[in-house]
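Produce the complete structure using the sequences and hints provided.
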Amino acid sequence: MSRLKDKIILITGGNGLLGKEILLKLSLEGACCINIDVNHETSEDLSRIQCDITSCADIDSTLRLIITKFGKIDGLVNNAYPRTSDWGLKFEDIPYSSWQENMDGQLNSYFYLSQQVSKHMILKGKGSIINMASVYGMVGPDFGVYDGTGMTMPAAYSAIKGGLINFTRYLASYLGQYNIRVNAVSPGGIFDSQNPVFVENYNKRVPMGRMGNAEDISPVVVFLLSDDAKYITGQNIAVDGGWTCI
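Using my numbering, you'd call the opening residue of the sequence shown number 1 and step up by one each time.
Just so you know, these hints were derived from the structure itself, not from any lab.
This one's a predicted model, so the numbers in the text were calculated from it and none came from an experiment.
Please note that the accuracy of each hint is not assured.
As the list claims (entries may be wrong) - DSSO-like, lysine-lysine: derived pairs with alpha carbons at most 30 angstroms apart: (1) K230 with K72; (2) K20 with K69; (3) K126 with K72; (4) K126 with K20; (5) K230 with K124.
Unchecked claim - Per label pair, the in silico range of CB-to-CB distance: (6) S2 with Q115: 29 to 37 angstroms; (7) G88 with N179: 37 to 45 angstroms; (8) D192 with S85: 15 to 23 angstroms; (9) G88 with S173: 30 to 38 angstroms; (10) Y96 with S43: 23 to 31 angstroms; (11) S2 with T152: 42 to 50 angstroms; (12) D147 with D6: 44 to 52 angstroms; (13) R169 with A57: 26 to 34 angstroms; (14) K5 with Q115: 23 to 31 angstroms.
Virtual Cβ for every residue (Gly too), placed ideally from N, Cα, C.
Structure, rendered in structure tokens:
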């Protein structure tokens with residue numbers, strides 16, 4: 001398979017659960033992948049670049065490195081998931097400063113990275129941007145799945161992911177004139193060794209009877225980056241086992 005042969009594709013947060021699987025699938029399709037993550041060192045071949053995406057200066061220097069070496073950017077997957085150490089507090093306990101920091105760390109960094117990458121795509125007259133959103137950017141949380149777990153859904157998560165979905169539509173409308181496509185992928189709950197009570201509650205709620213896996217998400221990202229999706233833009237694709245259909 002070589003749907004992405006010789007394409008230069010940036011993936012933020014490539015060391016995470018979804019990021020690793022996306023990188024694998026993109027590589028199998030022939031892409032030249034660049035893993036942008038704060039939790040590793042920059043490699044000589046630039047397949048890995050250490051970058052804090054919450055820093056505009058870091059983003060600027062990273063893009064200079066990439067353009068100097070490769071001369072172009074064909075695709076961007078906004079996948080990183082920066083968040084504060086108090087992520088997961090109940091709504092009434094969230095400090096306003098924490099809310100602000102989480103908004104700035106994820107939603108605003110996606111804005112800046114998309115803005116700067118799109119400038120290079122405009123020069124080449126093509127490109128594809130994928131924003132990783134969530135079903136909780138589409139519908140309200142079902143707090144019943146957290147019964148008996150002590151867990152909850154962070155308030156900022158819904159605001160960030162909902163904002164990303166509509167920001168995706170804005171970018172698609174604005175950048176379409178330059179042959180740049182922008183889409184979102186909204187996973188449902190992804191299994192990551194969570195509390196067994198939560199997993200059982202979730203499995204009972206979702207029509208397909210199980211949580212998702214990273215391997216369920218990555219093929220959709222590959223498709224949207226490829227020329228198979230050359231007339232698809234401004235869409236949000238839910239990969240959720242049916243969560244949002246009921």
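Taking the hints in turn, this is what the structure says about them:
1. K230 with K72: It holds: about 19 angstroms lies between the C-alpha atoms, which stays within 30 angstroms.
2. K20 with K69: holds, 23 angstroms
3. K126 with K72: At roughly 10 angstroms apart (the allowed maximum being 30 angstroms), K72 and K126 satisfy the hint.
4. K126 with K20: holds, 26 angstroms
5. K230 with K124: Holds: K230 and K124 sit about 16 angstroms apart, inside 30 angstroms.
6. S2 with Q115: 29 to 37 angstroms: Holds, at about 30 angstroms.
7. G88 with N179: 37 to 45 angstroms: At 41 angstroms between Cβs, range holds.
8. D192 with S85: 15 to 23 angstroms: holds, 18 angstroms
9. G88 with S173: 30 to 38 angstroms: holds, 34 angstroms
10. Y96 with S43: 23 to 31 angstroms: Since Y96 and S43 have Cβ atoms about 39 angstroms apart, the given range 23 to 31 angstroms is violated.
11. S2 with T152: 42 to 50 angstroms: Holds - the Cβ-Cβ distance for S2 and T152, about 44 angstroms, lies within 42 to 50 angstroms.
12. D147 with D6: 44 to 52 angstroms: holds, 50 angstroms
13. R169 with A57: 26 to 34 angstroms: holds, 29 angstroms
14. K5 with Q115: 23 to 31 angstroms: Holds, at about 28 angstroms.
Consistency note: the structure conflicts with earlier hint 10 alone.
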